[in-house]
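Asker: Here the protein sequences come in this chain order: W, R and V.
Count the first sequence with this note's numbering and you get residues 1 to 795, in order.
Count the second sequence with this note's numbering and you get residues 1001 to 1200, in order.
Count the third sequence with this note's numbering and you get residues 2001 to 2276, in order.
No lab work stands behind these hints: they were computed from the structure.
In this text, a Cβ means the ideal position worked out from N, Cα and C, and glycines have one as well.
Take the hints with a grain of salt, since some may be wrong.
What the hints assert, rightly or not - If you want a taste of the chain W side facing chain R, the calculated C-beta under 8 Å gives, among others:
| no. | residue |
| --- | --- |
| 1 | THR21 |
| 2 | PHE201 |
| 3 | GLU203 |
| 4 | PRO204 |
| 5 | VAL250 |
| 6 | PHE254 |
| 7 | ARG284 |
| 8 | ALA285 |
| 9 | VAL683 |
| 10 | LEU713 |
| 11 | SER715 |
| 12 | ALA716 |
| 13 | ALA717 |
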Amino acid sequence: MTVTAEVGAPRRRKEDARLITGRTMWTENITLPGMLHLAILRSPMAHARITRIDCAPALGQPGVVAAFSGRDVADVQGSLPCAWLVTEDIVHPDHPPLAVDEVRHVGEAVAVVAARSRAAALDALAAVEVDYEPLPVVLDLEQALAEGADLVHADKGTNRSYDWVFDSGAAGTGGSVDEALASAEVVIRRRYRQQRLIPAFMEPRSVVVDPTGDQYSIWSATQIPHILRFLVSVVTGTPEQKVRVVAPDVGGGFGGKLQVTPEELICFVAARRLGKPVKYTESRADSLVSAHHGRDMIQDLELAARRDGTVLGLKVHLTANMGAYLGLVTPGIPLLGAFMYNGIYKFPAYRFECTGVFTNTVITDAYRGAGRPEATYAIERLMDELAVELNLDPIEVRRRNWIRAEEFPFTTVAGLTYDSGDYAAATDRALALLGYDELRREQAQRREAGDPVQLGIGVSTYTEMCGLAPSRVLGSLRYGAGGWESAMVRVLPTGKVEVVTGTSPHGQGHETAWSQIVADELGVPFDDVEVLHGDTRSSYKGLDTYGSRSLAVGGIALYQACQKVVEKAKPIAARLLECDPADLEFTGGRFQVRGHPDGGKTIADCSLAVFTSHDLPDGVEPTLDADAVYDPVNFSFPHGSHLCAVEVDTQTGRVDVRSYVAVDDVGKAVNPLIVEGQVHGGVVQGIAQALFEEAVYDGDGNLLSGTFVDYTLPSAADLPDLVTDRTESPAPGHPLGAKGVGEAGTIAATPAVVNAVVDALRHRGVSDIQMPCTPERVWQALQSASRSDQQGGGS
Amino acid sequence: MARISITVDGVRYDDDVEPRTLLVYHLREQLGKVGTVVGCDTSNCGACTVLMSDPDGRLVGVKSCAVLAVQADGRQVVTIEGLAGPDNTLHPVQKAFHERHALQCGFCTPGMIMAAVDLLTDNPDPSDAQIREGLEGNLCRCTGYQNIVRAVRDAARDLREAGRSAAPAAPTPLAGEDETPDSGLPREQVPDEVIPQPVP
Amino acid sequence: MIPAAVEYTRPSTVDAAIEVLADEDAKVLAGGQSLIPLLRLRLSAPTVLVDLGALADLRGVRQDGDDLVIGAMTTYDAILRDPLVGRYAPLLAAATQTVGDRQVRHLGTIGGSLAHADPAGDLPAVSLALDATMEVTGASGTRSVPATEFFVDYLTTALAPGELLTAVRVPNNRVAQGWALVGVAALCRRDNGNIADIRVALANMAPTPVRATAVETALTGAQAHHTAIIPACDRAAEGTSPADDLSASAGYRRHLACVLTKRAITGCIAGYVDET
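This is chain W alone, in the form it adopts within the complex:
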């Protein structure tokens, strides 16, 4: 019923008006009468027993109203929830918001001070007395699994949280990988490390809790107000109807705000205890040391192939760092990649094993892409290695293995059914945009000339699963919730429309995109639509925003709610037009008698008629409002081809990204401007993993990259212009044809860049560089390659 064609238009965003003028409602901006400020004392020890803790001296400090430790609230603070216990026998330790007897990572909260000002609260932290008895620190993943290892949780008797296996032979989705490896002409064995990253959303997290009577209002810089409400209620035993959660304007998340945090519960407990509103806003240093991190896995990989380049099978063993506890979805993150290691390729055998390991570090959890960037990195790096082994162009190896456009829908060896796509079309477009052949010629010339600055070209042809998620699939993976999404459409008497969505945007532009959808479906002006979100009082039902799900799932719920509005309006329009509803059609935003293109009635006409209700047909309910909840039947599978050209200074090791081309197929783009923005941001986060970022702990478990001085986000000056384009394979089964785009760039970019860096140095004997490919790492790789060359080695 698209008439005004808002969908597909590069609409400028509604959200911008408040954001570019400084009139934004961040949680940190909230000030309530009588509000107290909290400061949190954090453990300087990676693993220690708290032998004594005394908050009393802090109470004597100016402005201090209260101070307490984990021991003071041990009975009421509950344990932080994990919603994804991936196996029946998973080791799942208690996770108190404030440590009680033992601290297990640097930065863990041990005591809290409430004071009349932020400064007074911070000053008083120094007065809290804590004695720690050091315990052995567990940091290395493999040592943690060794016999007799020191333990993060002594009472659990192991650092192993779980083992999880998918085997295509056992699942009936393919053959045996061991047979494939045994019969292969070529086997590529590699170990890759996904370094630990920090989501580093720009807005530090902030929480305000206001206890009024028996009602608790919580404002939080969160991606998941609905899940937070449910879990605060469950963890603290507070009736759900007494808890309201608001995510006001939220400054980025990238998975980093997909968490129920210690700080949220500490604020809740403090507000309940003190009967006063409280606020906690973290400093950046607090954020880096205590908000969850991402990635941090070792990948052991074996790829079996024939000499003609045909891939026969893949075996993956992941060792995944959980950190010291299990966060909201910590154990499930690696498994989100389990179904993606086969990438866009059709090969017959696949086995995936994952071991979750506890260490004395802050928890890992969702970070943009969550499991899928790691999987894509592994397969795309391996395809390059296979190409080198067989002396083929990396594009050619991919071409020989990928699923062809006419083969969709295609059920993969991992058991997923890919919906649609055209990998050749996207790749051809990307090759043309990059000028691939030209660059290969320049590369050959530079090698020939021994240029100190070498050129490398990297390829990444990715797909991902998004639109999380079919609830049944989640259930089969033991996830603790469903994957549906809800939308409500309210038509006001004047014909203006309010949309209540269960998604919770924090930069994605839902207010704009949702307005475009409603404008088309109801035939109302874009500006007449207001989108409400993030407040459980208005939007009581939703599963929030993560996993590129909002449009792919929530968009359908919204579409369906709009259809219900039209159906409800139909008999009313018929009454207004004095005709039979069966003779009406809804086109161009008007109900018209079929065959009579003049006149007709709009949704606004009907809403006014409903408001007055003076003359409704018998039995017609006087409202146009409708809601819908949609549970997807399948994931959606965007894909794309990213190409990257880098220049590597072989004397200093410095890498410069010279050009980057991203051709993505995200199905139908509701707003191409927003889609392009998501790709830009995603690609840069992927480049950042490849070249710049790493969270580093020292041997005692101190976070060395604890400020933005040492955790080095790239600035504009570090990055190239990106060339983006799209192909469009509409998602079958989605009325809008949309797939999801939030994570695509991050999933694609990292292997494209690392492949390019390795490609630049391949002729010097370099076959891998540990991420991030800093100048020093690149230089070291060149050094060790030339050493092994001198020793007559070679790889």
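On the provided structure of chain W, position chains R and V as indicated by the hints.
Answerer: For chains R and V alone, coordinates are given in the frame of chain W:
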């Protein structure tokens, strides 16, 4: 406590502050200028960027988390909330950020816009490379910077075509009174001597 | 984070500043661009901050005979805009361009940078290469400290308690000057195809900025040609003791010192225009 007087977005504010108070917290908590935000502890992210007059009266970009409020005594400060023109029309940089989709979550945006205004005041026709270098003190995690670069390029062109500098329009009491939502005291309560004059 | 409570004074004369600085726990607040982040992280907690912002005499660049005299409170931005610096100390201008970012350069001062004496800072190394002299004022009067003696150790200078760095005196160096991105500053004077005089200073290769004396010795009087320069530069890291930390290993820093010294000197030679 130290007595300070700062003119912010065209209105003079006299306050007693603790010497340790950072300018950004003074703006946010004393003056209610919550448009300017804090993103880090180490002046890396630039989210708190405002314009402040230097000893010669020239407005330049500074990170308000790396300035004590007492150091700003006697200075002019322009925040994101004072950037719009006297009739509350958007500054060309604000407009270009909207047109070019140069923001997503928007947290870095006030600082990024102020840094761009600072850059364009200094260099009205920067190359893309100069824009990227000029904004190196401001971090954005959402946009990958590309649309920010485009927006700054567009704003530069618009300003050149309009024949005007990027420096914010001289604040007028009218702005405070009419449409800018939070520009301080109503006109009748503002003593004549503090009505701001254009920076020389 | 916000700083711990601290007292504050903004003296209007150098003498008044020196008087307050007699207090051992007093700390000079120049531009604040290094100090305020340290105060915020509470890594530094002085009892009193002495803000030099009102000392107009300490701002600006002037010519004094053959020397440039740069007031300690001159900001990086002012240095970059100053025509005298551009003409007589292009090395200083080049190095200043890469300090921090625009916002930091608007507030940060040359005096603050030198007195902070971070070995990773660019300006201490440049002052060493330029053979600069620090003008220091204390209760007992003023004295001049050559850059070679000014940097004593990591974050430590020859400034005694109660002393204030008021200006930096840079000899007029109308000779070729080169700057290699980070950390290597080189000056050289050529005489008939030979290198008559050369100074090379390295940042971040020791607890203080240091001169690459092995390179200087090898190249003084040598031919200004890569056959001489390349082997000499391989000795750039001799006698240094770079740190091994999160940003880089000592070995990589030594390697970079050689590569960048080569680039700085080559740039120097290439940029050399014999005065007519």
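Asker: Of the hints stated earlier, which fail here?
Answerer: When the structure is compared with the hints, none of them turns out to be violated.
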